[in-house]
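Undergrad: Below, each chain spelled out in residue letters.
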Amino acid sequence: MGAIAIAEPNRAVIDERAHIIEGLAAILPGENLITDARELVPYETDGFTAYSRVPMAVVLPETTEEVSRILAFCNEQGVAVVPRGAGTSLCGGAIPNEDCIVLGVAKMSRVLDVDYANRTARVEAGITNIAISQHVGENGFFYAPDPSSQLACTIAGNIAMNSGGAHCLKYGVTTNNLLGVKLVLVDGTVVEIGGEHLDASGYDLLALVCGSEGQLGVVTEATVRILPMAEGARPVLFGFGSSAAAGACVADIIAAGIVPVAMEFMDKPAIEITESFAHAGYPLDAEAMLIIEVEGSDEEMDAALARIVEIARRHDVQTVKESKSATETAQIWKGRKSAFGATGKIADYICMDGTIPTGRLHEVLPRIGEICRGYGLRVANVFHAGDGNLHPLILYNVNDPEDAMRAEMAGNDILTLCVEVGGCLTGEHGVGIEKRDLMHHQFTAADMDQQLRVRAVFDRKGILNPGKVFPLDAKIAAESELQAA
Amino acid sequence: MTLLLPESEAEAAAMVGGASAPLRLEGGGTRAALGRAIQTAGTLSSRKLTGVTLYEPAEMVIGARAGTPLAEIEAVLADKNQTLAFEPMDHRPLFASEGEPTIGAIAAANVSGPRRVFAGAARDSLIGIRFVNGRGQIIKNGGRVMKNVTGLDLVKLHAGAMGTLGLLTEVIFKVSPRPPATATLIYHDLDDARANALMCAAMGTPFEITGAAHLPAGIGDERARTLLRLEGFPEQLDYRSGRLRDLFDAYGTPERLDGDPAAALWREVRDVRALVEPFDHAVWRLSVPPRLGAGLTERLRGTLDCRVLYDWSGGLVWLGLAEDDDAGAATIRAAVHDTGGHGTLVRGSAELRGRIPVFPPEPAAIAKLTAGIKASHDPKGLFNPGLIHPGA
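For the record, the sequence lines run as chains A and B. With the first letter of the first sequence counted as 1, position 330 gets the number 330 in the working numbering; the numbers rise by one all the way through. With the first letter of the second sequence counted as 1, position 295 gets the number 1295 in the working numbering; the numbers rise by one all the way through.
Certain hints may be false.
[What the hints assert, rightly or not] Below, simulated EDC-like cross-link-like pairs (lysine to aspartate or glutamate); rule was C-alpha separation at most 16 angstroms, straight line:
no.	chain 1	residue 1	chain 2	residue 2
1	B	Lys1368	A	Glu192
2	A	Lys475	A	Asp447
3	B	Lys1080	A	Asp252
4	A	Lys170	B	Glu1007
5	B	Lys1368	A	Asp187
6	B	Lys1140	A	Glu295
7	A	Lys170	A	Asp348
To be clear, the hints were calculated from the coordinates, so they are not data collected in a lab.
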């Protein structure tokens, strides 16, 4: 257990539990309302497992209409609602409190319509990320954002956190691939935002909802961009004698006008951990490794890789290993995509998610090492090199409360460092409860006040996913205080 | 009429803090005719807030004060073989306006061009802003890194808000490599429906079409032209144009145009040159699901005498017609509504822009959110009041 506070639950609401459950039971069939203490346990936390609270009840609606009635009821009763996709959040974005109900969208998981001429798919929000690509794959299309948790995570969760992935250097993150949503507002009103056309009319509410961590409404349907698959894709492994050389290579590739579909970085500890797990042929003698993937026809990939290899040679690359088959390609990516799982095999870890300007990499990486050593901890670094999104994995022992506390403190120091060098607290995981108390490092009181005011337009009482994103004591400043300031 | 020309962000904040009457916010003023016709006692311009504040080619990011001329940004980027991916439209021909378009206005009006269909709009490239809100506070959101999900995304909210939420003082954009070469395939004599089908099918291939436009007969040329643009390394373009030629041979044999003539043609599409004249005609911009573009204009042509040009694979329909009565507003809005898209009156007389909604009217629940967001930023209604909707 660490240092992040969870708000004191409202006893008056908990006292009304029977009445609240009765109200929910009038909306949903019994099998979609969970109230049994044992069955509630799986919903007490998400991927940020160090913190947990058992909610009063869990509802699993199957229609937008049910979501609307649930929210209207809870809003009227003053009951907080924690929306949940698959519960894979690494920042505690779906952790409930004892006075909350959890609203899971996992039972709404159908593909509603695919329009290849428009390159769009309309889906229910509980569908998994991978299921969209699987659905349109036989026609040569895919959905681009690919978070590591894509087998399990839902589009609802992706929209809430504006998720990214390894391939967003070329294809962008969720907000760049989302065209429309059906959104249920806190009072139960259902609104359609966007659609199959490209541009918003009026204020870009879609962009505001994307990444709002479930605090503006509950998304029940989404229209997403689907893209034609490239003719082929080929990753290459590059081993370098130093992180600085790998970083300089990335900068030169971009300067040469080449934007590979992915450029993934791993440091030595990450290489060792993943290689022993995935046996992908990673260079164990390297201090740093890049996986660079290009797309196109065979000839196009040959040409692009020739350019990239030439640049890498200028940076004293030690190992160059090009995938020669689909199996090798799968192995190379298996190593990277299982980095978190592989790390979990050797120790408990927390996964950081800050972003830095890539030009500061050569100073930030050593400082991350120093920070962790200062707490007596080990760290492995994997990150999206093209966009500077770092994922330091801090290894610790979950059964040692002091060790856990040190890991959390090291993580905070790393994220503060990210902000200090011009980056941000979170590149793709979201703020949740994990980074909530660090927000003042990145934002002034006025910056946060402006965001809180926008949030209040959607949810004045703060019923939707409370206790996340903003510090617990954050509240909108009175106009009189602002005038004085 | 007061003209406020702050030379620093702090000065801009002080001017807003001291303002007691509504202000028109503008950059270079080249798009002043966009939106509902409004009257204000004063104008607050960002045009003296100039200069590139950050440019890291290897990080593909540029930041500049809002009043920096777009031309300066493009020159700085071109020097390092980079560009703004969204290919912003120049509104000067359409409005016969003068002056220098500014980077802040590109952000505020979310101005994009043909490459938007491939690379996203201005809002997709915009990653950081600083602005002065209606309380005179300086606010920042987003930043200089392209992956950033910290807090609410006010960056994209301000893109397209037309300065109704704040005075942008600094903007940061993600940039892209400048394509080393381009090739445009031009198919001739297709009717609109066939052209629409070709564009949508081509966008569904792996060949990364970065522009798909259709200019019907009489729009810039006697013959109808359907344009598909490829960008990349020269050998790549030969390969890809060959593949497209083979795949779509049922649509005829395309002519291939490269280099400056092709670039000039795409500028004509971008700036809707074909609809500039006659100058007293209204121009509408319709954003619809791409495959429905041609069907929509077929329906409109049943009752309206209009000239059309398609971009974005059919998803952007430009419509020019005489400004009689409501300039087709009722007919156009009804037809566009049926596609799920929306229409904006881009050019019209001030009289017309005062009389009919310029932007699509919003359903009640959305209008309530719009009003709330406006009030959250600008409680006294200082900025561009009524520019988008009466009251917003």
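Undergrad: Each hint should be assessed against the structure and marked as holding or not.
TA: Evaluation of the provided hints:
1. As the CA atoms of B/Lys1368 and A/Glu192 are separated by approximately 14 angstroms, the hinted pair is consistent with the 16 angstroms bound.
2. Proximity of A/Lys475 to A/Asp447 is assessed by CA-CA distance (about 12 angstroms); at most 16 angstroms being required, the pair is judged to hold.
3. The straight-line distance between the Cα atoms of B/Lys1080 and A/Asp252 is roughly 12 angstroms, inside the 16 angstroms bound, and the hint therefore holds.
4. In summary, the hint linking A/Lys170 to B/Glu1007 is not supported, as the alpha carbons are separated by about 37 angstroms, beyond the 16 angstroms threshold.
5. A hinted pair counts as satisfied when its Cα atoms are at most 16 angstroms apart, and B/Lys1368 with A/Asp187 qualifies at roughly 13 angstroms.
6. With a CA separation close to 37 angstroms, the supplied pair B/Lys1140 and A/Glu295 exceeds the 16 angstroms bound.
7. For a cut-off of 16 angstroms, the pair hint linking A/Lys170 to A/Asp348 is broken: about 32 angstroms separates their Cα positions.
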